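Student: If you want the building blocks of each chain, they are given just below.
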Amino acid sequence: MDPTRIMLLAALMNGAGLWLLLPQTGSFPFRRPLNRTLGTLLGSAGLGLMASQLPGLGEWFSGSVFWGSVFWILAGVTVVAAAAAVVSRDPVYSALWFGLMLLGTAGLFLFSGAAFLAVATVTVYAGAILVTFLFVLMLAQPEGRAGYDRTSTEALLSAVTGSMIVALLSIVLGRVLGLPEAIAISSAATGGTGPTPDVARLGTVLFSRYLIAVEVAGVLLLTALVGAAAILARRNKCPCEDQTTANQMDSPTEGAA
Amino acid sequence: MNPVALVHDYLAVGALLFGIGLIGLISRRNLIVMFLSVEIMLQGVSLSLVAWSRFHGDEGGQVFILFIIAVAACEAAVALALILMLSCQAGNLDVAGWRRLREEGIEPPVDPGPETLPPPAPDWIPLTPVGRAPDVPPEETDYRPYV
Chain A
45 MDPTRIMLLA ALMNGAGLWL LLPQTGSFPF RRPLNRTLGT LLGSAGLGLM ASQLPGLGEW
105 FSGSVFWGSV FWILAGVTVV AAAAAVVSRD PVYSALWFGL MLLGTAGLFL FSGAAFLAVA
165 TVTVYAGAIL VTFLFVLMLA QPEGRAGYDR TSTEALLSAV TGSMIVALLS IVLGRVLGLP
225 EAIAISSAAT GGTGPTPDVA RLGTVLFSRY LIAVEVAGVL LLTALVGAAA ILARRNKCPC
285 EDQTTANQMD SPTEGAA
Chain B
6 MNPVALVHDY LAVGALLFGI GLIGLISRRN LIVMFLSVEI MLQGVSLSLV AWSRFHGDEG
66 GQVFILFIIA VAACEAAVAL ALILMLSCQA GNLDVAGWRR LREEGIEPPV DPGPETLPPP
126 APDWIPLTPV GRAPDVPPEE TDYRPYV
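Those sequence lines, one after another, are chains A and B. Start counting the first sequence at 45; every next residue gets the next number (the working numbering). Start counting the second sequence at 6; every next residue gets the next number (the working numbering).
Bound-form chain A, shown alone (with noise of 0.2 Å):
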């Protein structure tokens, strides 16, 4: 088979592999542990053969097998962890597997070569942003287990949307990458071999060329503190405390001033 077939049955089984292990009302379509096996298996199979027909990176530090494989199982555990999160039934368990996505996604950002990046990403998302989910899981849902949790919307139609995504996204991929315009253009433009990003270097062009976003990030930033402290001190007090507006779904905005 040609390398597009092999992508487009891989980014499918994928696909059904997800479909499989979302939360299906009752024991859909098959009983759960059945679900949960039969998903695992195609969705591990679907990385393989999409891996498969990546090139491999065993020679990328000069021909050692042990940075390719490094490479291999960092991306692995992001993508395990991705799907994980997704399709978990508790949602700490979601942010926990978030957070070791997070963690090989880092991994991914230092193996590239982008040292800050693996930091900020550890410090910002794992360190704040992460916490912050579970503070406000447990401040909206202090019972951890929910009916909402345990079925999806549409799951089949979204399964294939994003399979279908997957498979146009890397069947482009290896044709554009494949064309004798990308060769050359690797071999001759510093890719790869050109001077390694470091920190001192990426603070240079932060604070010179891109002075203006930096400060229009700032304004942002602050601009999303004052828009969150204003959506939380609409009222006096919060309406968790108010036992007349609580379980009122059919009416959400009746409580509202």
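Please keep in mind that the hints were generated in silico from the structure rather than gathered at the bench. Small disclaimer: the values here were computed from a predicted structure and weren't measured. Ideal Cβ placement from N, Cα and C applies to all residues, glycine included. There is no bait here: all hints are sound.
Just some of the chain B residues that point at chain A, by a computed CB distance under 10 Å: (1) D14; (2) L27; (3) I31; (4) S32; (5) I37; (6) F40; (7) G66; (8) A84; (9) V100; (10) G102.
A few chain A residues that face chain B, going by a derived Cβ cut-off under 8 Å, partial list only: (11) A119; (12) V123; (13) L152; (14) I173; (15) L181; (16) R189.
Not close to chain A: a few residues of chain B, all C-beta gaps over 10 Å, as computed: (17) E108; (18) E109; (19) G110; (20) W129; (21) I130; (22) T133; (23) G136; (24) R137; (25) P139; (26) D140; (27) P142; (28) P143; (29) E144; (30) T146; (31) Y148.
We have chain A; now place chain B onto it with these hints.
Tutor: Only chain B this time, still in chain A's reference frame:
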């Protein structure tokens, strides 16, 4: 070694993360899990940017990722405040309770309804069996091992 290989692999991983996040965003019903899925999609895009940055030997891609992180922090602040207010009003984190927030003339998505959970397991201490096993009536089999 062909430097295209690195870009190819990174872009494939980024595409996978983007697709997985998209599936989660569409299909999950918990507001916080939907938000996590958006963050997964952002991480997929960041991976592609860092690969291109390495490929061209240019810091522009890394600067973009720094801005993505800044915007994600803003997004987390505002979105989690909104989610907190929504959950305070609705009493839960189910996005299906907010289906009236759609455009006029568009049918709501099919809602299978939340699954009814089994009652929580009783918090009883299993005791060490001593003596002859009694004949348990069938209507007592569910709690007999605990008493």
